[in-house]
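Visitor: Chains as they are written, first to last, in this note's numbering: chain A, 1 to 464; chain B, 1001 to 1464.
Careful: at least some of the hints might be erroneous.
Unchecked claim - Chain B residues, not near chain A, derived (Cβ > 10 Å throughout):
1. Met1001
2. Phe1005
3. Asp1017
4. Leu1034
5. Asp1035
6. Gly1047
7. Tyr1075
8. Phe1111
9. Lys1165
10. Leu1166
11. Asn1202
12. Ser1238
13. Trp1240
14. Glu1446
15. Glu1450
To be verified - Straight-line alpha carbon distances no greater than 30 Å define the calculated DSS-like cross-link-like pairs of lysine-lysine that follow:
16. B:Lys1262 to A:Lys262
17. A:Lys227 to A:Lys136
18. B:Lys1340 to A:Lys458
I should point out that these hints are in silico values taken from the structure, not numbers from a laboratory. Just so it is clear, the structure is predicted and the values come from calculations on it, not from any experiment. Ideal Cβ placement from N, Cα and C applies to all residues, glycine included.
Protein chains: 2
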Amino acid sequence: MRIHFDDTNLRAEMVGDAHGLTGAEIREFTPRALDALRGFRKLSEDGLYGFPHLPFQTAVAKEIAAYAAEVRKSYDTVCIVGIGGSALGAWALDCGLRGPHPVQGEFSAAFPRLVILDNVDPSFVGAAIESMNPKKTLVVVIAKSGSTAETVSTFLIVRDWMRRKLGDKAGRRIAAVTSRERGELAVIAARENYRVFHIPDNVGGRFSVLSPVGLLPAALIGADIRKLMKGAAEMTHSCWRENLDANIALRAALFHYLAWVKKGKTVQVAFPYSNRLWGTAFWFRQLWAESLGKARTRSGEEIHSGQTPVAALGATDQHSQVQLYMEGPNDKLFSFWAVKNFGAAGHIPRSRTGLESFDYLAGRSLTELITAERVSTAAALTENGRPNCTFTLDRVDEAHLGAFLQLLEFETAFAGELLNIDAFTQDGVELGKRFTFGLMGRAGYETYRERYENYQKKRQKVTV
Amino acid sequence: MRIHFDDTNLRAEMVGDAHGLTGAEIREFTPRALDALRGFRKLSEDGLYGFPHLPFQTAVAKEIAAYAAEVRKSYDTVCIVGIGGSALGAWALDCGLRGPHPVQGEFSAAFPRLVILDNVDPSFVGAAIESMNPKKTLVVVIAKSGSTAETVSTFLIVRDWMRRKLGDKAGRRIAAVTSRERGELAVIAARENYRVFHIPDNVGGRFSVLSPVGLLPAALIGADIRKLMKGAAEMTHSCWRENLDANIALRAALFHYLAWVKKGKTVQVAFPYSNRLWGTAFWFRQLWAESLGKARTRSGEEIHSGQTPVAALGATDQHSQVQLYMEGPNDKLFSFWAVKNFGAAGHIPRSRTGLESFDYLAGRSLTELITAERVSTAAALTENGRPNCTFTLDRVDEAHLGAFLQLLEFETAFAGELLNIDAFTQDGVELGKRFTFGLMGRAGYETYRERYENYQKKRQKVTV
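Work out the full structure, taking the sequences as your base and the hints as a guide.
Guide: As structure tokens, this is what we get:
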């Protein structure tokens, strides 16, 4: 497993002092980065945050692998019911290991199919259900709280559909992933004999991909989850090293932090040049946005922190976003995600057409082209004073993906420490949730319904 | 066809003076908005910009519909080879009219399949080709310039694959969409007897969805392109109205422009609460970014304009991005895209479980839930002083989609006029393209190869 981080184009020498980091700035903040690492390690050792421990929980992986082997022949479709951190990890792993799925829809005949019900759009849920056979579907319902409104709603529909066809036997085709301690999903699971896997209480949704939340779907679609854990474990060791050269998670965290606070880079573009990493880019959007988007520091000062994560796909988005990236506001930091070995070269035929704009490509390969496009885009951005860096994965397989996801989680945790915020909460979503409960008539949320009605009254008074 | 625009939550009365628009600001700038409309109409009437005329080119639509009828029985897969503006329109239409595809891969059994080869990732292209049968595939290669490197490379591979199986008959299964005047795609198309459709010279890629670029793929997957044109034509009439109340494209353009220049909203979040509009959000990202991301005004002053477009999917991204949207920097404007009628209600079973966090949803519908979530998120953002607006489509069908795409194109053109930039060029991508040509050894780009090598030398001098 080999992942490389190249930060040269983040440096003042390449993009100028206004947008790049100087040696003096890096040296000044290096002790703070090391403090951030030590601070987070203490919290992790104290058991407050669990994700660093996940790659070493081999008993959980064994239990999941055994379950997957036991049920393997009973389904052609795995249907995940979950949203946010309960869905994005499964998508990142499926896209990375069995992809690439094009963004516009899948053509892969990957078996078994993975259907992720991560939205409550009725036509989406309806079409998904129509495409599945209840006798050949294994349902995995995932909710740490056990009461997420979207997940509960969709699950009630899917459960009803299974029970109408299978009666009480439906429970054998359902697995639940939820908290050991709380939530009513566990109650219904016990009542109806679902197989249950637990999410550790100290692991939040967006850090849960190496818990049963991601491991169970991965094992069910045939991934080697031991290799995933092994790659993540190896990365974890290097993420604890107190050395900015050897620890790329810490180095990337410091540089991203400085780009935000010192150089005004309010947007981070995650820019994979690989369709297989497209799912990971969406998983990362949640990780970075929910963890670092915070109103206050731990000590209560207003900060309104948070780089806005943007997912862009290379080379495709060179024809969509790069015009803005080159000429628009210089408010972005670009993180290229490169892959060295795509599995196939993508040979372009040698035969010539006699046409100049075709023949220089004859006999070359798509690997050469996509690589040339990536380094050319980085060079052009650098010449325009736009800071950028590159993570390079040798290939996209279980070991690299496990390591890369863990690396990004550590980077996020370290960035949270540098900002002195709590990267593991998401209180900002509560108000919208409560309005929804109020509007849906859930008991105990009547005041939020009133508050919503007052807001509507205020709206009616606004005139042109 | 009915599309509504609600801008109440963009107003100072709702989100405060620092982030919302005051009546005085709107009144002050209304004459400039009307001037922008008149200025753009003049340029359009003079023939400089062609997209407003596309919905009225019914002869083109007829020719395409006739071709689609003629070939209909000969394929099970339509394979688009194109990138950027040559791919995103087809995806937006397919996703809208036959979707919803989930972002994480398709489960729909939509027939015929649409495979869009919009990247040069070799494993992506390889997997796509493996999934198709050359005797049952209709290839549509789309490139206005006729020489886009990614499209040419992928097309050379696809063409070779077809010719190895079908010999010279392959040409009968290939259609080309390109410029009438220039580019070598037209040469090879004539030589090998492809059916050819033309992109008007005054229509750029990102404004071309209602030209053969979007109409041909749409017709080939069975869409009613006359209805698409009709919806767009109807919208076009209202986009020329010199009235801020009746012309929602102009109104939205003005409000987005003011939010950018007066209130520092450097990010626009396109936030569909509909999986069917997810493709349109990606199409819009190109439209908004490439059109408005400009270094200089028409008179040559430095401006570095351009809101960064972000695509978010409701309700899904409430569990990924809304924490940042609520608590992070107040630098965003949110454009909700709502749908009234989803085709199906998505009934949640009436039977009760005895569990409080499940039973308040019993007997309700997913339509109620996703609607409650959308208005709740808008209310919560508004309470936090975060400006937002809502476009509402009665439903997602040909007429509404044609109208909505045309509305967004007019909005973009008007915003460009307000900024006094040229919204129809993309010179910023040239440097990266030239580096790529240099690295791929294309004749005439040797100096760019040298310049790239000098950049690499400079990089090697950066230490620490």
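Visitor: For this structure, which hints from the list above don't hold up?
Guide: Going through the list in order, the structure violates no hint and respects every one.
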